[in-house]
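Engineer: For reference, the chains in residue letters:
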Amino acid sequence: MLLEVSELSVSYGEREIVRNVNLSLDEGEVLAIVGESGSGKTTVIRAILGCLPHEGRVSGGKILFEGRNLLENTTTEWCRLCGTKATMVFQDSGSILDPIRRIGSQFIEYIREHSPMTQKEAVKVAEDMLRKMHLPNTENIMKSYPFELSGGMRQRVGVAMAMVFKPRLLLADEPTSALDVTTQAQVVKEMMEICQQDKTAIIIVTHNIGVAAYMSDKLIVMQAGEIVEAGRTNDIIARPQSMYTKELLDAVPQVGGKSYVS
Amino acid sequence: MKRKELVHRLMQMVITLFGVSLLTFSLMYLSPGDPVEMLLEVADTIVSEETIAETRAQLGLDKPFHVQYFRWLTGVLQGDMGMSYSAKMPVADRLWQSLPGTLVLAASATVTMLLISVPCGILSAVYRNRPLDYFIRGISFLGVSMPSFWVGLILLYVLGLKLRLFPIAGGEVSFDRMVLPTLTLAIAMAAKYTRQVRTAVLEELGQEYITGARIRGFPMHKILWRHVLPNACLPLITLLGLQIGWLLGGVAVIEMVFSWPGLGKMAVHAIEMRDYPLVQGFVLWIAVLYMGINLLVDISYTYLDPRLKKGGC
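Residue numbers (this note's numbering), protein chains in the order written: chain G, 1 to 262; chain E, 1001 to 1313.
Don't take every hint at face value.
Restricting the straight-line Cα-Cα distance to at most 27 Å, the calculated cross-link-like pairs of lysine-lysine (DSSO-like) are [said to hold, decoys possible]:
1. G:K166 / G:K143
2. E:K1222 / G:K124
3. E:K1002 / G:K120
4. G:K143 / E:K1222
5. G:K85 / E:K1222
6. E:K1192 / G:K143
7. G:K62 / G:K189
8. G:K120 / G:K166
9. G:K143 / G:K132
10. G:K120 / G:K246
11. G:K85 / G:K189
12. G:K166 / E:K1002
13. G:K143 / E:K1088
14. G:K132 / G:K62
15. G:K166 / G:K124
Footprint (simulated), chain E over chain G, 3 or more residues, beta carbon under 8 Å [as the list claims (entries may be wrong)]:
16. 110-117
17. 232-244
Hints listed in this document are in silico derivations from the structure and should not be mistaken for laboratory results.
In this text the structure is predicted, and so the values were computed from the model without any measurement.
Just so you know, even glycine gets a beta-carbon here, dropped at the ideal spot from N, CA and C.
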């Protein structure tokens, strides 16, 4: 078992936002967490990598990654884990980059932080990675500032950076929600390809149950901070048990009487 | 900044300068007190009406307001700011004489201020709402609350008079005479600037790219030096520009307390003596200075912030 989260609760100040979340993930498996905004799905994956905003803190439970409880990690251990074995892709990869530094310089800084590569080697690795995400003109992209790229390009850069160290676990927080439908499909596909090559396990958080169904082996449906349904994706899509899941599935637009989900 | 914008800015500056000079000229004209009497009183002799009238005519003060102003203006446009009544030398020379004192003091105060406020502000932000932050904020609150002339007098009394570490008398520019005024200015400015650094750093620490850097596994100290500080610098440069402008104008109160031979002291004396040309020259210097620094700050932004350089806004 690569990742095992048990009885996880997260509080913001006095308010408990997430209660008793259990999930587990094997190597190379893809888990999707769906739910409407405010259901606590993003909070769960942020808690796993210890990056809850301001007031947030884990108020109960365990997070075992490769058998170690992450909640007992020291700062140094976090730095060693984050960015190499476990990484994250955000909704807008542009905003998680320093706005006044070029993408190349940040990419190279990141690579060299976790490896003994020289500047030249790091440049090559970075450009190879960008090409793997089907980005044209990698040299230009390396010289660009985050704000100069389009949303789709930014997400591809985000995925390229997240996958450069072939992590065991990739957490993706609404990675395609800010993109138009065509770009969404492309980025998801490219991300899946790289992860399958490297046998990286993914937890993807999305409100788009279509994306979830396309990508995932397992599915968790969350509502108001709790899991309402969990299991194999195919089973849930075919035979949803809870009312809430049924509503979510019904909300998926149908074209010509055919649902996009299956 | 594009060339067109620059030309636009320079034209704005000329108009502003014109307005500023007209305004001070009128205020001086309207203020009570007669420069001629002031000038002749110094000699401490009784002067006849004729002498007064003669001097007045000599200085051109018998002419109507607009004639006086235009005479001054045409002079300035030709590079002649007129003669200082009280110093009996060209205004430019008089300003030039006091400038080094002010420059040296401004430089040393700015450096000292930065050395205090930048580390304190960063520490305060990083340890937000913890004892160290409360301590630094408390001290800075105290610093803001104390009037600087009072701080100056206390420093003079304790370090100068009681402990005899530094000379009390000013009058010339030298290192040991500079320590106390520098300290006084630095305390007042650092108290303010520490809070501004704290705010700017806190603002950056709340940004998403900090989370991004943490997720990429950077330790906090590297995030702070390589990402937070360069970004926090942007708003701080504007504030620093204003501080430096204020200092270069000569800090009258501090210069008076320490009898430091700078522009501030000169200006106070010029006003007392109704030395119109010198006051005008001084005001012109301040106006040019502020606008120049603001322009420099804006230009520096286009180099420091790529979003402005390429965004074209």
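Engineer: Regarding the pair E:K1192 and G:K143, is the alpha-carbon distance no greater than 27 Å?
Structural biologist: 38 Å, violated
Engineer: For the pair we were handed, G:K120 and G:K246, check the Cα-Cα distance against 27 Å.
Structural biologist: 53 Å, violated
Engineer: Hinted pair, alpha-carbon criterion (27 Å max): G:K62, G:K189. Please report holds or violated.
Structural biologist: This hinted pair is violated, its Cα atoms lying about 32 Å apart.
Engineer: Is the hinted pair G:K85 and G:K189 satisfied, with a Cα-Cα distance of at most 27 Å?
Structural biologist: 22 Å, holds
Engineer: Test coverage of the segment 110-117 of chain G by chain E using CB-CB distances below 8 Å; three residues minimum.
Structural biologist: That given contact holds, which follows from 3 residues of the segment 110-117 of chain G lying within Cβ reach (below 8 Å) of chain E.
Engineer: Can you confirm whether the C-alpha distance between G:K166 and G:K143 stays at or below 27 Å?
Structural biologist: The given pair, whose Cα atoms are some 24 Å apart, holds under the 27 Å limit.
Engineer: For a C-alpha distance cap of 27 Å, please report whether G:K166 and E:K1002 respect it.
Structural biologist: 45 Å, violated
Engineer: With the threshold set at 27 Å, check whether the alpha-carbon distance from G:K166 to G:K124 stays at or below it.
Structural biologist: Cα-Cα ~16 Å, so holds.
Engineer: Would you mind confirming whether the straight-line C-alpha gap from G:K143 to E:K1088 stays at or under 27 Å?
Structural biologist: 61 Å, violated
Engineer: Taking 27 Å as the top limit, are the C-alpha atoms of G:K85 and E:K1222 close enough?
Structural biologist: Distance ~20 Å between G:K85 and E:K1222 Cα, so the pair holds.
Engineer: Assess, step by step, whether the Cα of G:K132 is no farther than 27 Å from the Cα of G:K62, and give holds or violated.
Structural biologist: Violated - the C-alpha atoms of G:K62 and G:K132 are around 35 Å apart, more than 27 Å.
Engineer: Keeping to a limit of 27 Å between CA atoms, is the pair of E:K1002 and G:K120 held or broken?
Structural biologist: 35 Å, violated
When each numbered hint is compared with the structure, violations occur for hints 3, 6, 7, 10, 12, 13, 14 and 17.
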